[in-house]
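Peer 1: As a plain string of letters, each chain reads:
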Amino acid sequence: MSWFTLFRSKPRNTADLARQRLQIIVAQARAERGGPDYLPMLKRELLEVIRKYVHVAPDAVEVNLSNEGEHEVLEMNIVLPDREAGDID
Amino acid sequence: MSEVIVVTSGKGGVGKTTSSASIAMGIARRGHKVVVVDFDVGLRNLDLIMGCERRVVYDFVNVITKECTLRQALIKDKRQENLSILAASQTRDKDALTPEGVERVLGELREEFEYIICDSPAGIEKGAFLAMYYADRAIVVVNPEVSSVRDSDRILGLLSSKTRRSETDQAKVDEHLLLTRYSPRRVVDGDMMSLQDVEEILGIPVLGVIPESEEVLQSSNSGIPVILDLDSPAGQAYDDAVARLLGEQRPLRFVEPGKKGLLQRLFGG
Chain A
1 MSWFTLFRSK PRNTADLARQ RLQIIVAQAR AERGGPDYLP MLKRELLEVI RKYVHVAPDA
61 VEVNLSNEGE HEVLEMNIVL PDREAGDID
Chain B
1001 MSEVIVVTSG KGGVGKTTSS ASIAMGIARR GHKVVVVDFD VGLRNLDLIM GCERRVVYDF
1061 VNVITKECTL RQALIKDKRQ ENLSILAASQ TRDKDALTPE GVERVLGELR EEFEYIICDS
1121 PAGIEKGAFL AMYYADRAIV VVNPEVSSVR DSDRILGLLS SKTRRSETDQ AKVDEHLLLT
1181 RYSPRRVVDG DMMSLQDVEE ILGIPVLGVI PESEEVLQSS NSGIPVILDL DSPAGQAYDD
1241 AVARLLGEQR PLRFVEPGKK GLLQRLFGG
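These protein sequence lines are chains A and B, in that order. No gaps in the numbering here: position 70 of the first sequence is 70 in my numbering, and each next residue is one more. No gaps in the numbering here: position 138 of the second sequence is 1138 in my numbering, and each next residue is one more.
Hint data in this document are derived by calculation from the structure and do not stem from the laboratory. Mixed in with the good hints, there may be bad ones.
[Claimed, not checked] Listed below are the simulated EDC-like cross-link pairs for lysine to aspartate or glutamate, each with C-alpha atoms no more than 20 Å apart in a straight line: (1) B:K1126 to A:E62; (2) B:K1162 to B:E1053; (3) B:K1162 to A:E32; (4) B:K1162 to B:D1136; (5) A:K43 to A:E62; (6) B:K1172 to B:D1136; (7) B:K1162 to A:E62; (8) B:K1011 to B:E1175; (9) B:K1094 to B:E1145.
[What the hints assert, rightly or not] Each pair of labels, with its calculated beta carbon distance range: (10) A:D59 to B:R1054: 51 to 61 Å; (11) B:L1043 to A:I50: 39 to 49 Å; (12) A:M41 to B:S1166: 41 to 51 Å; (13) A:S66 to B:R1154: 15 to 25 Å.
[To be verified] Derived coverage of chain A by chain B (criterion: at least 3 residues anywhere in the stretch with Cβ under 8 Å from a Cβ of chain B; other residues may be distant): (14) 45-55; (15) 58-66.
Because the structure is a prediction, the values reported are computed rather than measured. Backbone N, C-alpha and C fix where the C-beta goes; we use that ideal spot for every residue, glycine too.
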């Protein structure tokens, strides 16, 4: 810190912000990794279909692929809004 | 048994070629026969960093297309007899590198050299893919900066799925983190992610930390790998990294800020 910046208020810790943002985005990327290539597309289209009928946030649809024994399980979790607030009509 | 080591990163400009040149030189100085191969077809630069740009007659693509023999294309380093360079070609044809061609040339290099260092191009296109495909080990060069870390994570994903080791039953590619352009002072000030931050996010073992230092530019200006400047922090840090790569234990240096004088504190710098 130099003489000229001595009196300015201390800037926030941007390194910490970088670390937090990366932790989220990297965890997300890793969760999708190894899954089939169509998974992100499937997720996007599902979201579009759901949004035709109810207002949901982009992160309200969770699609996960996991292995259970010899089966692959496609798990979908959609958080619907409260009935009155969410209905389009 | 020879080893193929890819130096990769995803993002450009983080120090892949600088690191390839210094690591290759460092291993050769320790008595091993080393070749460093430039995979950046169309954007040849390793020759400049190594200071042999005027001695390139034939290149990697010429060997693949059998326009010359491997021996004709290899350039022997004038400072270090254990070290040879295989330059990239300046052709604009991206398909010049073929998987079969690369495999054949690497096979021939394995007969003569103990270590084959593959300097990967940036990105995740064909050149980068081929540079990593046959690797036994990978050195992932990362800057403590968001886009570099994210791209490196992408590269780690490719290393675990798009390499020969991942496609066969062999052990997985051995991954190493090389953090470059590190500034301990800025880490203390909260402007730069720390080594621990990057290590935690990427989750691979640290091979070395290269401090930001002016000697790196001076070295590339003069075509001398910075590891030959053992008075410089960067040169010493590369020397440590090479020692660790070859199995030696060495404590990390240059990860704490140096003491600043009173004048420096008042007037910056």
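Peer 1: Is the Cα-Cα distance between K1094 (chain B) and E1145 (chain B) 20 Å or less?
Peer 2: 30 Å, violated
Peer 1: Please work out if K1162 (chain B) and E32 (chain A) have their alpha carbons no farther apart than 20 Å.
Peer 2: It holds: about 16 Å lies between the C-alpha atoms, which stays within 20 Å.
Peer 1: Assuming the hint says 39 to 49 Å, is it satisfied by the Cβ distance from L1043 (chain B) to I50 (chain A) or not?
Peer 2: 46 Å, holds
Peer 1: Please verify whether K1011 (chain B) and E1175 (chain B) have alpha carbons no more than 20 Å apart.
Peer 2: Measuring from Cα to Cα gives roughly 17 Å; hence the hint holds.
Peer 1: Given the range 15 to 25 Å, decide if the beta-carbon distance of S66 (chain A) to R1154 (chain B) lies inside it.
Peer 2: 22 Å, holds
Peer 1: How about the segment 45-55 of chain A: do at least three of its residues have a C-beta closer than 8 Å to a C-beta of chain B?
Peer 2: Since 0 is below three, the answer is violated.
Peer 1: If you check the beta carbons of D59 (chain A) and R1054 (chain B), does the distance land in 51 to 61 Å?
Peer 2: 57 Å, holds
Peer 1: Check the hint pairing K1162 (chain B) with D1136 (chain B) against an upper bound of 20 Å on the C-alpha distance.
Peer 2: Judged against 20 Å, a Cα distance of about 13 Å means the pair holds.
Peer 1: With the threshold set at 20 Å, check whether the alpha-carbon distance from K1126 (chain B) to E62 (chain A) stays at or below it.
Peer 2: 33 Å, violated
Peer 1: Measure nothing beyond the straight line between the CA atoms of K1162 (chain B) and E1053 (chain B); if it is 20 Å or shorter, mark the hint as holding.
Peer 2: 32 Å, violated
Peer 1: Are 3 or more residues of the segment 58-66 of chain A near chain B, judged by a Cβ distance of less than 8 Å?
Peer 2: Result for this restraint: violated, n = 0.
Peer 1: Taken at face value, is the distance from the CA of D1136 (chain B) to the CA of K1172 (chain B) at most 20 Å?
Peer 2: 8 Å, holds
Violated hints for the displayed structure, listed by number in ascending order: 1, 2, 7, 9, 12, 14 and 15.
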